[in-house]
Amino acid sequence: MSQSKPTTPAEVRQRAAIEDKRKRRKSRAVPGRLRPKLLLGLYLLFVLLPIYWLMNMSFQSNTEILGGLTLWPDNFTLEHYAKIFTTETWYMGYVNSITYVVMNMVISILVALPAAYAFSRYHFIGDKHLFFWLLTNLMAPPAVFLLPYFQLYYTVGLFDTHIAVALAHCLFNIPLAIWILEGFMSSVPKEIDETAFIDGYSFPRFFVRIFIPMIRSGIGVTLFFLFMFSWVELLLASTLTSTNAQPIASVMTSTSTASGIDWGTLAAAGVLTILPGILVVYFVRNHIAKGFALGRT
Amino acid sequence: MNKVYDNKAWLLILPMLALVAFSAIIPLMTVVNYSVQDVFDANTRFFTGTEWFVQMLNDPTLQSALLRQFAFSLTVLCIQVPLGIGIALLMPKKGWQASAVLILVTLPLLIPWNVVGSIWQIFTRGDIGLMGWGLRELGYEYNITRSTVDAWGTIIIMDVWHWTPLIALLCYSGLRSIPEAYYQAARIDRASRWAVFRYIQLPKLTNVLVIGVLLRFMHSFMIYAEPFVLTGGGPGSSTTFLSQSLTTMAIGQQDLGPSAAFSLIYFLIILLVSWVFYTAIMNMQKDKEGGA
Amino acid sequence: MEWMVWTLPTTLFFSFIGAMLAGMTVWEVVQPTVERKGFLPISTTRGDRLFIGLLSAAYLHLLVVGFTPLSIWWALAGSALWLLVLIRWG
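Residue numbers (the working numbering), protein chains in the order written: chain A, 78 to 374; chain B, 42 to 333; chain C, 16 to 105.
Derived from the structure by calculation, the hints contain no laboratory data.
A portion of the hints provided could be inaccurate.
Pairs of lysine-lysine residues, derived as BS3-like cross-links and limited to a Cα-Cα distance of at most 30 angstroms, are as follows [stated by the list, open to error]: (1) A:Lys205 to A:Lys160; (2) C:Lys52 to B:Lys245; (3) A:Lys267 to B:Lys44; (4) B:Lys44 to A:Lys114.
Treat the numbers as computed from the prediction; the structure is a model and nothing was measured.
Isolated chain A (complex conformation):
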């Protein structure tokens, strides 16, 4: 590249070449190659340290937590986990959260699949604007919709049910699903559709039998994203529920009592909310990279 600039004095070029060679030799040497690993390691440490601390707390009794700072649990205890698994409000919190998340995933993916197909294969009146409108819903702050949601679901009698939260989360999850799926579908050549129709497949049969299997990994990644955003959302979920469908996130706010915060239980509950995420991400680990490119690699 430096050759293309004739104004560079030959001396400088020569020195650059030497420098270059030296650098490359250095990069082959062990310390030079370790540096990126070291930096990455530091970042991972930064990511893991707060989580480790949470786990550390969850295995200590409250007296030990408040008694002094310990880097690992001296008296390893599972009492907080036992408390969560034996108290109905606590474990029902998890059941409720998982229920509405799964409902939302099913609803979102079912309506998003045909819509994404339409966006990836056809032009129609208002398609661009419709797509933009969907994206704005992805961006809309839940706080804006809080009040009317409460009124709306109260009026139609869905307040404090799982389906209410599932439907509310559709607001941002359906647009997200369409966005991701559209990318994956656009990378499937159109000839496949045409051949299938010539072979006499009807549209529904083609869609279910041929098309969906072709974008399996895309659907998997989409489900991962749907899970993620429904699982982490708190504001709508806790506003639309009171007791029957209360999500774990809002059960956790009840750990602060008059006698102070029950740190151990809070930490244990926090650890338990991380586990489903790890499980889900493990299943799609080989496809995430593609999913984050929204199918457009």
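Given chain A's structure and the hints, the job is docking chains B and C onto it.
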């Protein structure tokens, strides 16, 4: 891909449209209705016209919340985007390490937002938290309930911890799509590390980066649960962001009219920003297709 | 519908928006739009111009209502004029 013009495609859209409209349009209409009235209950309400809008636009606490919000969003973007790119460049590309690092990096994204707040609350407390305790041992009077600087710093670090993975993963997937041949060519040309980044990797990243910046801007603009749990908006109101002001007004004080007017102003800001980004993305894609 | 607390002005507003969308759809069917470049820095279709017009109208209303003593009707008149200019020459 050249798409066929066919308005029957609307039939495929309809189920989705019905659901999203139910969740988006009806509530939005209701917000508009609230914003022009003083609502006590379903039967007692007065038409107030533009009064709430005048009040909200001139409310100094909201104006400062808005400024704080912009300051916060820009700060986290300035930190997260370069950091995310850096991490994506460092992440291993093959083998079990790639999977392991990927899962670890994704981890913060999968934690419910209020738990993120709790994690950092525990982590930064002076008596029981590693970071709070550590900073005090080092001689720094760290106190997020008293010092504005500490509260801001902690929230920014928390947000970096929470959301940098998103940028990193977006960039990582962008980098993976670069064919190995490009790197080989660069090696033959003896291109420097910087040249490889500037002329091979960065162009590939612009697309995902625009999406990343858009998502990050929007999410930071609606940040609620994490600072609410960590600092409760304090000390004073120094970390009270827009969503929290709005939620306090709507749920806490039950001021339907003013909070609806505020919601609409908030929504219009979001709408403008997302439109600018969307147009930018679309034009970029068009240029690419035109150039290819 | 009672809980949505409709008022006459907002009903009119939404009917107008609905009518405008319907009108644009009919216009599109009768005579499809061509993307072109007017005085705006980007090339736009008719629908894009309508959206830009409505969004800027919303901001204009906020400015007039919030920071000037002018009546909202001036903002409305200004927006209508701006919308027409935008659709025709934008």
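Right, here's what the structure says about each hint:
no.	hint	verdict
1	A:Lys205 to A:Lys160	violated (52 angstroms)
2	C:Lys52 to B:Lys245	holds (29 angstroms)
3	A:Lys267 to B:Lys44	holds (9 angstroms)
4	B:Lys44 to A:Lys114	violated (45 angstroms)
Taken one by one, the earlier hints fail for this structure at numbers 1, 4, listed in ascending order.
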